[in-house]
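If you want the building blocks of each chain, they are given just below.
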Amino acid sequence: MTIKHAAVAGTLESCDVMITVEPSDTLEITVDSTVKDLFGKKILACVEENLKKQGVTAAKVQVQDKGAFDCTIAARLEAAVLRAQKEG
Amino acid sequence: MRIRRTLLWIPGNNPAMMANAPILRADTIGLDNEDAVQPGDKDAARILIRNYLESVRGKHPLELAVRINDVTTPYWKDDITCIAPAQPDAFIVPKVERPEDLYLVHELLTQVEKEHGLPENEIKLLPILETALGIENAFLIASTTTGRLDGIMMGGEDLVTSLGALRTREGREIDYARCRIVSAARACNLNPIDTVFPDVEDIEGMIADTKYSRQIGYSGRAVISPRHVTYANEVYSPSEKDILYAQEVLEAYEEGRRLGKGAVSLHGKMIDAPMIPRAQQVLEIAKMIRGGKL
Amino acid sequence: MKETKLCHSIEDAIRACGLRDGMTVDFNHHLRDGDYVIPMVMNAIGKLGIKDIKVFSAGIFNGMMNRGLTDLIHQGVITSTEVTGNSSILGGMISRGELPKVCRFHTHGGRARTIVEEDLHIDVCFVAAPTADCMGNCNGVEGPNAFGSIGYSMSSSRYADKTVVITDNLVPYPLQRTSIDESVVDYVVQVDAIGDPNGIATGIAKPTKDPLALIIAEYASKTIEFSGLLKDGFSYQAGAGGPSIATTRYLSEIMKRKKVHGSFILGGVTGTSVDLLEEGLFDTIMDVQCFDRKAAASLRDDPRHREISDACYAMRGGPNGNRSCAVDSLDVVVLGALEIDLDFNCNLVVNSSGLITGGAGGHTDTAEGSKMSMIVAPLRRTRYPTVVKKCTSITTPGKDVDVLITEYGISVNPKNQELALRLKDAGLKVVSIEELQALAESMTGIPDEVRFGDRLVAEVIGRNGEVIDRVYNILE
Amino acid sequence: MIHTEKIFRPDRNPRLQELLTRFDLTLPENTDDNVGLYDGDQLVGCGFLKGNMFQGIAIDPAYQGEGLSATLISALIQLAVQRGMTYYQIITKPSMATMFMNLGFRRVADASPYAVFLENGAGSVAAYAKSLQEFAQGAPEPRACLVMNCNPFTLGHRYLVEKAAAENPWVFLLVVEEDRSEFPFADRIRLVREGVRDLPNVQVLSGGDYVISSRTFPAYFTRQESLSAAQGAMDAAVFAAVVAPALGVARRYVGTEPFSASTALYNEALTERLPPRGIEVVVVERTSANGEIISASKVRQCLREGDWDQVKKLVPESTWAYLRSGAAEHVIENMKHKE
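Protein chains in written order, with the working numbering: chain A, 1 to 88; chain B, 1 to 294; chain C, 1 to 476; chain D, 1 to 339.
Hint data in this document are derived by calculation from the structure and do not stem from the laboratory. Do not rely on the hints blindly, as some may be mistaken.
[To be verified] Over 12 Å on every C-beta distance to chain D, these chain A residues come out as not near it, computed from the model:
1) T2
2) V8
3) S14
4) T26
5) L27
6) E48
7) K52
8) G55
9) V56
10) A58
11) L82
12) R83
13) Q85
[What the hints assert, rightly or not] List time: in silico BS3-like cross-link candidates among lysine-lysine, alpha-carbon distance up to 25 Å:
14) A:K36 / A:K4
15) A:K36 / C:K390
16) B:K124 / A:K42
17) C:K209 / C:K231
18) B:K211 / A:K86
19) C:K209 / B:K211
20) A:K86 / D:K6
21) B:K287 / B:K124
22) D:K50 / D:K338
23) C:K47 / C:K101
24) C:K390 / A:K42
25) A:K52 / A:K42
26) A:K41 / C:K209
The C-beta atom is built at its ideal place from N, Cα and C for all residues, glycine as well.
Only chain A is shown next, with the shape it has when bound in the complex:
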């Protein structure tokens, strides 16, 4: 799946995560998290796994995490990628 334009899903509220995707030639993921020290690797792994699941191989992905669980991270990523497909 290609990222057609910038899109965002999620919020900066506690236990949520805000994920922004943008078109890019390569896959570039940045993770910022309030729990980065203990869960930074897990968050990155979760994002990578779910990008793969959605067939996204090139995108700029920005993750601003406020302590979300994996199921939330996956949901926000999926929503952002779907939004990046929509026209308009």
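Go by the hints and put chains B, C and D onto chain A.
Chains B, C and D in isolation, oriented as in the chain A frame:
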């Protein structure tokens, strides 16, 4: 029949509140993708609800229901196709006005179940009647035979608008609808679930209104605040007196049978056949609430 | 005869005290985030060119750091701190190794013991005093910046080489109501304002509406109800966090319903404690610090509300000091924690990320002294688990903790089997701490380990002066 | 139930006025979009989007401490992303900085007590500094710097640049990139390049996202009399924290405007704040033509009035050619209309 003393609404786009839902002691959690989610976020919320359901499945005994958008919106089909595979216990369908509305949902749901190889008719439907037409069609809706109907919900806030009435703390403006729904639900052996009490801060008013709800026949209600849950649970639970009386009824009935008496009396009143299932139900409910301890 | 102890300025007082490089200065922390005194004094010390000062304070708040302490640390004026509590800015600096010397964390009782037994010699004690006269008689309950009990200056003002009272409300001699008297005071300085009254009550939770906190509080109050301790003569202490205050409210309902009449409330005191006194549920409040205006006003006006010193509050007996202290007579204490582990050890100092962020306060003292110490804490904070296999750092040893209350259930320390039975009989949801830990982990996932460096940055000191734990610098 | 929605007619909303006033703010002007935070139908918070800047953010104190700032900022970010932006800036009061930083904003520069400059999202000041560093590599030292809007490039600008070029082995000329001036950035920087082409030791650079002009500095949150000082303080803060270290610059040239009190205040702020951070400030008297000070605003005034003779005396040949060409026609027309 399920026990639904309280159905707690949880906004479907709020992960923090969803994570805490299981400990808030409501019998049913209503994950909401309707009123609590803005149009621009319905897509994200339904994915979040789906993932949440998948992550907690089997971990908690409580009932997990999802309120989809009503059948006149562009959202309800996506709600069902996205969320049904995660197998919520029930879908709550708002603004139901005719049996056809429920059949529409039923058909799509059946199709999705087939596509995903899910057991048929396992996901229940809980319609909310919250328009004048819905209320007038209450019995028709309650007698819909989809095999999924498990309760009828009363929606007071939207109804007031539909009626052109004014919302008051006392709630006399929704009296007729409340009674009509209980009657229709009981007639079809369905769970009647009452409307929310809208003022989060007014605990006293909430308790009084819940007592009234219990008095007119409701066995539970929707609540918008976790703080209302404990109070509402208490009002809808059988009291010690109710339990004792039910035990006495069953014992007296048993004794009558053993002695071959056609009729027995308890506290000077005749015990007749219809009282028996009622007493059994009270004990059943009490047992479930107390985790098997009576 | 000395006519007056008044100095023109803080600088004058510092000079008169003979403060030099490498010395130790002491403060109370009663003005909390609104405190002007610690920054004023430390900035003046910096201006005089004095370096390498150890700040020995009951607490250091972010408000104080933002008023100049951060810079003074960078400039080498402050090289170490010894506190009972601090907030994130100082904690972060300590964790990153920005203070050249090892810092120490005491308990409230331990701090008093350190002073009285002279483990640490205080060169100058500065007393922030809301009202004082020119000879140094002072109190904390009167004046525009009244904060209530002045308990945390009581031991240090007595044992320091020099004591300076700093006030913004100088009254004619003699001050009628005196908490610290002139016999221990060397100098008095009058300033425009000792603090910002709005900052004094920060960090104290509003009555919480958080459903989680309310559920925890309900379980906690029921735990007290069925503990066997709730009877006439009952004594109680609770912290200032949301769940603790809510627990106190629920407890008051239970006491009314069961017609139990308590004897005393101890501690850091909130308006909620005052409510219980005023409703006649307790006879006395013993108060070492007030957390809000209502508590401060009650201390001023109600004779049943008594001011006590830090030593009287929580200091264990020793060669120079106490025969007893109030925490030893306490039935129940309700406490919070950053982390609690499978052995019921509690961590109050270092957060899960490895950054210093808090302090023991009276945690360790009251946990040991009371008959039943309760920890109220949510199972997790966002994705950080609170119930963990092993604490990042130990502040209060598990042997002193009786029961943990979370929103998912109550876990009793196996050493207290009787309590576990009582609670189970009462139908409360009692679970093992292993279950709670596993449940937390199932939600959050298994966290990575925090990486510490090999530089010792802080020591956690127990009630007797023993080192309980060592904290190393954080690797970013 | 708290929710967000757009505030329609913000200029006619008394409740919004009240909210902003409580925070000592006025209604931000010429914004692109906004978000209102509502409790039922009661407005309890607001925030505005202007370019990639979030402005006028306020939350009713009674609703603070419940995480609503996260809700508000999230909604603003959504608006920005819908407009294709993934990088955001806030200039706010120092007392509010912590709140934004807890939401992931990073500090770019601190101009206390007036304001703090924060950023969030893709792109960072570190990357910007790195790109400047690359431009500066190998340039002779010591280096001087000028920051200009050049709306459009005049002989006054030229005089300032000449002076700096004569007194320093290397000069950087940063042109403010933000497109909020009458003349578009592409034209402005081209005219600058053309106008200094004969000066071999002058290097013209785009100011990027960080060189904030007085036009982009949100005037709404400070009193008019201290606005220029605040702008100068912010300019100094960004310059000292970001631009100067990246370019290896030890000197900054600024021009005076004898009759402008605001320029004086602005320059004063620079003169006060840069030297303690190791940067010398050289204040240069503006040059004049026929006894009149040359400034871009004077040029624009003449253009509006159609006084081409006067314009010719104020601008270099390259700018003159541009102004007379078709390219500038619509800009000048727009200027006249605005009046």
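Hint-by-hint comparison with the structure:
Annotated as non-interface, T2 of chain A keeps its C-beta farther than 12 Å from every C-beta of chain D; the closest such distance is 16 Å. For V8 of chain A, the requirement that its beta carbon stay farther than 12 Å from each beta carbon of chain D is not met, with the minimum near 4 Å. Interface exclusion of S14 of chain A from chain D breaks down, the closest Cβ pair being 6 Å apart, not more than 12 Å. Every CB of chain D is more than 12 Å from the CB of T26 of chain A (nearest about 14 Å), matching its label as outside the interface.
Annotated as non-interface, L27 of chain A keeps its C-beta farther than 12 Å from every C-beta of chain D; the closest such distance is 15 Å. E48 of chain A, annotated as away from the interface, keeps every beta carbon of chain D farther than 12 Å; the closest lies near 19 Å. Every beta carbon of chain D lies more than 12 Å from that of K52 of chain A, the smallest distance being close to 22 Å; the non-interface claim holds. Listed as outside the interface, G55 of chain A is consistent with that label: its C-beta sits roughly 22 Å from the nearest C-beta of chain D, beyond the 12 Å cut-off.
Every CB of chain D is more than 12 Å from the CB of V56 of chain A (nearest about 16 Å), matching its label as outside the interface. No beta-carbon of chain D comes within 12 Å of the beta-carbon of A58 of chain A; the shortest separation is about 15 Å. Separation of L82 of chain A from chain D is adequate, the least Cβ-Cβ distance of about 14 Å exceeding the 12 Å criterion. With a least beta-carbon separation of about 9 Å from chain D, R83 of chain A fails to lie farther than 12 Å from that chain, contradicting its non-interface assignment.
For Q85 of chain A, the shortest C-beta to C-beta distance to chain D comes to about 14 Å, beyond the 12 Å cut-off, and the non-interface label holds. Using a Cα cut-off of 25 Å, the hinted pair K36 of chain A and K4 of chain A is violated, with the two alpha carbons roughly 29 Å apart. Simply put, K36 of chain A and K390 of chain C have alpha-carbon atoms about 19 Å apart, close enough for the 25 Å limit, and the pair holds. For the suggested pair K124 of chain B and K42 of chain A, the alpha carbons sit about 36 Å apart, so the restraint of at most 25 Å is broken.
A C-alpha spacing of about 29 Å is found between K209 of chain C and K231 of chain C, which places the hinted pair above 25 Å, so the restraint is violated. Taken as a hint, the K211 of chain B and K86 of chain A pair is broken in the structure, with Cα atoms around 50 Å apart against an allowance of 25 Å. Distance restraint check for K209 of chain C and K211 of chain B: the Cα-Cα separation of roughly 24 Å lies within the 25 Å cut-off, and the hinted pair is therefore satisfied. Proximity of K86 of chain A to K6 of chain D is assessed by CA-CA distance (about 22 Å); at most 25 Å being required, the pair is judged to hold.
Annotation: proposed proximity of K287 of chain B to K124 of chain B holds, straight-line Cα distance about 24 Å (limit 25 Å). For the given pair, K50 of chain D sits about 20 Å from K338 of chain D by alpha-carbon distance, which is consistent with the 25 Å threshold. A distance of roughly 21 Å separates the Cα atoms of K47 of chain C and K101 of chain C; the hinted pair therefore holds under the 25 Å criterion. The suggested pairing of K390 of chain C with K42 of chain A holds, with an alpha-carbon distance near 20 Å, which does not exceed 25 Å.
Taken as a hint, the K52 of chain A and K42 of chain A pair is honoured in the structure, with Cα atoms around 15 Å apart against an allowance of 25 Å. Only pairs whose Cα atoms come within 25 Å are accepted, and K41 of chain A paired with K209 of chain C is rejected, the gap being roughly 34 Å.
In terms of the numbered hints stated before, the structure departs from hints 2, 3, 12, 14, 16, 17, 18 and 26, listed from lowest to highest.
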